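I would like the entire structure built from these sequences, with the hints used as guidance.
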Amino acid sequence: MEEFKVPPPSKINYLNADYGLKSWLLTKDHKRIAFLYLGSISVFFLIGGIYAMLIRLELLSPHGQLLSSTTYNKVFTQHGIIMVFFFLLPSIPATLGNFLVPLMIGAKDLAFPRINLLSWYIYILGGAVTVYALLAGGVDTGWTFYVPFSTTFSNSYVVVTGLGIFIAGFSSILTGLNFIVTIHTMRAPGMTWFRLPLFIWSHYAASLIMILGTPVIAITILLVAFERLAHVGIFDPANGGDPVLFQHLFWFYSHPAVYIMVLPGMGVVSELIANFSRKNVFGYSFVAFSSLAIAVFGFLVWGHHLFVATQSVYAGMIFSFLSFAVGIPSAVKVFNWSATLYKGSISYDTPMLYGLGFIGLFTIGGMTGLFLAALAVDVHLSDTYFVIAHFHYIMVGGTLLAYLGGLHYWWPKITGRMYPEGWGRFSALVVFVGFNLTFLPQFVAGYMGMPRRYHYYPPEFQVLNVLSTAGASILGVGLIIPLIYLLWSMRYGPKAPANPWHLPGLEWRTQSPPPTENFETTPIVTWEAYEFAPIEEMEVMGRFSETKAEV
Amino acid sequence: MQSWIPFVPESASTESGNVDALYFYLSGVTVFFTLLIGFVITFFAIRYRRRTPYEIPRPIAGSHTLESLWSVIPFVIAMSFFVWGAGLYFRNSRPPENALEVYVVGKQWMWKFQHSTGQREINVLHVPIGRKVKLIMTSEDVIHDVFIPAFRIKTDVVPGRYSSQWFEATKPGEYHLFCAEYCGMNHSLMTGKVVVMEPPAFNDWLSGNANQQSPAVAGQQLFQTLGCASCHGASGEGGRGPSLIGVFNSNVQLANGQTVRADEGYIRESILNPQAKLVSGFGPIMPTFQGIVSEEQLVQLIAYVKSLSSQPSSSPTPAPRAPAK
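Chains as they are written, first to last, in our numbering: chain A, 729 to 1279; chain B, 25 to 349.
Treat the hints as calculated values from the structure; they're not laboratory data. As the structure is a prediction and not an experimental result, all values here were calculated from the model. Each residue gets a CB set at the ideal place from its N, CA and C atoms; glycine is no exception. Worth double-checking, as some hints may not be accurate.
[To be verified] Taking CB as the label site, the calculated pair distances span:
1) B/G315 <-> A/T798: 27 to 35 Å
2) B/N147 <-> A/A958: 30 to 38 Å
3) B/T89 <-> A/N744: 46 to 54 Å
[As the list claims (entries may be wrong)] Straight-line C-alpha distance at most 20 Å; calculated EDC-like pairs for lysine to aspartate or glutamate:
4) A/K756 <-> A/E1245
5) A/K836 <-> A/D746
6) B/K217 <-> B/E145
7) B/K301 <-> A/D970
8) B/K156 <-> B/E145
9) B/K158 <-> B/E319
10) B/K131 <-> A/D970
11) B/K158 <-> B/E192
12) B/K156 <-> B/E222
13) A/K1071 <-> B/E91
14) B/K131 <-> A/D964
15) B/K158 <-> B/E198
16) B/K217 <-> B/E192
17) B/K217 <-> A/E1188
18) A/K739 <-> A/E1245
19) A/K1223 <-> A/E1149
20) B/K217 <-> B/E125
21) A/K1071 <-> B/E79
As structure tokens, then:
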């Protein structure tokens, strides 16, 4: 196993290969670009989080004593826009994906390094335009921009915000394109499709959606802008347009976009579950193909957002059926992850706690999605807090937990430093408790009939809202702790060995942090994914102590 | 109005219990699978915890039997949700015959209701128990949504078209009515209540508010003042324009060879955009009334056309009461 040998740790890695702001701003290294993205999305996550806390504080009282209605409407709109378009969509692909796709397949970089850098600049430009819109006065249409409110009635910065999202969409398209080409053409010798880590499969599936879906939202935003500026009459009924057409176009992208957000998270969790139980993923090919099935079926279910929007009854029935069908590949994944644990060697490191938490919360998020696919029940539940709770279980309980788990898991590789394990486990627990306390009451509030986007609400919902706000405060604390200790560890954390978790994946067979070219020599892959062979183990262990001694 | 089952709102219509039953079924299955997965994960995590740092468990390839089982069983369960939910939805989408019709116009940020007997209300809707009530709804501006949690019904109110939903209340009381589609600044104040009454009390309420013109009568007056009568005939019997008697809910042969059902939406379109679906045998001579008639006047004109169907060539029902103030 010649290719297994890790070169003696060099002092030169991608972080210290070059110095100065210019070396970062003009870098073509996928790892540095991932770092740029990591910093930028963290800023947007902080902004979105502040909006979330404002929402929760305001809803402590049914009479809304902190903000005016107009401000409240802007706050929830901007919370949604920032979190969806500037945090969740790029979160895992642009940071962990960017960093790990080449490393995991044994490549030196992505296929188009310059386009990769360009995608970051486009993202920053889109973000800057949107932040300008927020500072100039904000936008109050809801993140869904429903017409004719957004085109004719809203008196806020709709077009500028839309422009920001339009621009940011191109960064998503470029990232997706880069991943697809890289995965097709740059796998190391011996890295066959079915030896790929499942992280790669899920990023491949998400990339398909990015390049196929994002142009549709771009066109839709352009139409809204034309309509608002020139009154062209595509959506405005007064000019013969159809306001419901907008909803079809919007959800044709925005439903698959949910899968852009959650598929990479599923990829992270496959890695966490397999590696921290030292087991190959149960039913590898079923998990791999379920990602592709989700990507394909995900494009056929947008109409379930329109069950009460005067869509035809028969269309509603077809979309309901397809929505149930798209749930099956997700269920298959959950069962396979659970089965992977069977007879494993399970450790309770921080990333695994996030991984296990993900399975539980994603199960609840997925099952409550079935309520919303069931037509007659959706009629009662749509546009209530039940929907809010459901998609937060998917996007926070799912994507955010996977992102945090992945960030801890690969932190030693990314920064070359270990994070404090005790704090890590503690904050994972706090996040789990805080999250559930925030969003479980919202399921109840939803079935009780509390509509979403309500600044004032009937007093009988207050108890549930107070619980929710209490949970959000705990969740907030649980998220600030990692922010602090991760930043701390970048400077003061113990130096990380090449393979701190003793794992077989390619990304662990190079030094931490990796050199600019990732591998000294092109690796030749002779093993299956998640192959924890005993001989390897000795090899890994020996290498581990050797590396540690030299650090 | 505390319900005896916690976590479920007041149940006050013939359909609300059916929706609750499916909701309980869904909740039961969800709780079962969540606990199952939670239990399995916790059990495995404890049973197979790492005991020595060097242990490497034997790999397990997977099992086609298990994969098939946990694809097929969830699919079958999901299909039971689908069939149940779609069945209820389909039944509720059929508007009942002989329902009390109430016209609803939403605007930022209020609800205007008009009963077919003429009573107008704002943000409050009085209905009797034991009668099917059909709401025929449109909006003057943005998209709104009539959501009555106690009846488990909700339908968007879309500018430029009519949507409808129906219910049959079963329990007297006052229930929330929410706008459920975000509609701007005072969205959360666009609320009202549904007052459900015993039939005698409802009849008292109706007669106490009776001195208002029914929509059909108001529509008949509009029909004259807007000049519709010059082509469609003084009583809608037709002339240069097609006859309107009996046209509502009939199939109309169009000039382009298609047929269309003359529902509220078609009549509305024919008033606002007459050339869109021209009746076979008639020329494109009717002017558009876009911007000339308001949403409420449109509703009245449609009510008049409807009344021509129920009682051809006579004055619309019910008999006109005292003219509006």
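Is A/K836 close enough to A/D746, meaning Cα to Cα at most 20 Å? holds, 17 Å
Keeping to a limit of 20 Å between CA atoms, is the pair of B/K158 and B/E319 held or broken? Since the Cα atoms of B/K158 and B/E319 sit roughly 18 Å apart, the hinted pair holds (cutoff 20 Å).
Straight-line alpha-carbon gap B/K131 to A/D964, limit 20 Å: holds, 16 Å
Is the straight-line distance between the alpha-carbon of B/K156 and that of B/E145 20 Å or less? holds, 19 Å
Holds or violated: B/K131 with A/D970, Cα cutoff 20 Å? Holds. B/K131 to A/D970 sits at ~18 Å (cutoff 20 Å).
Keeping to a limit of 20 Å between CA atoms, is the pair of A/K739 and A/E1245 held or broken? holds, 14 Å
Can the restraint linking B/K301 and A/D970 be considered satisfied, given a maximum Cα separation of 20 Å? holds, 17 Å
Pair hint outcome, B/K217 versus B/E125 [Cα-Cα no greater than 20 Å]: Holds, because 18 Å separates the two Cα atoms, which is no more than 20 Å.
Within a Cα-Cα threshold of 20 Å, do B/K158 and B/E192 meet the stated pairing? holds, 9 Å
Hey, B/K156 versus B/E222, does the alpha-carbon distance stay inside 20 Å? Within the cut-off at roughly 13 Å; holds.
For the hint 30 to 38 Å, verify it against the beta carbon of B/N147 and that of A/A958. At 36 Å between Cβs, range holds.
State, for the Cβ atoms of B/T89 and A/N744, whether the hinted interval 46 to 54 Å holds or is violated. Since B/T89 and A/N744 have Cβ atoms about 53 Å apart, the given range 46 to 54 Å holds.
Checked against the numbered hints given earlier, this structure breaks none of them.
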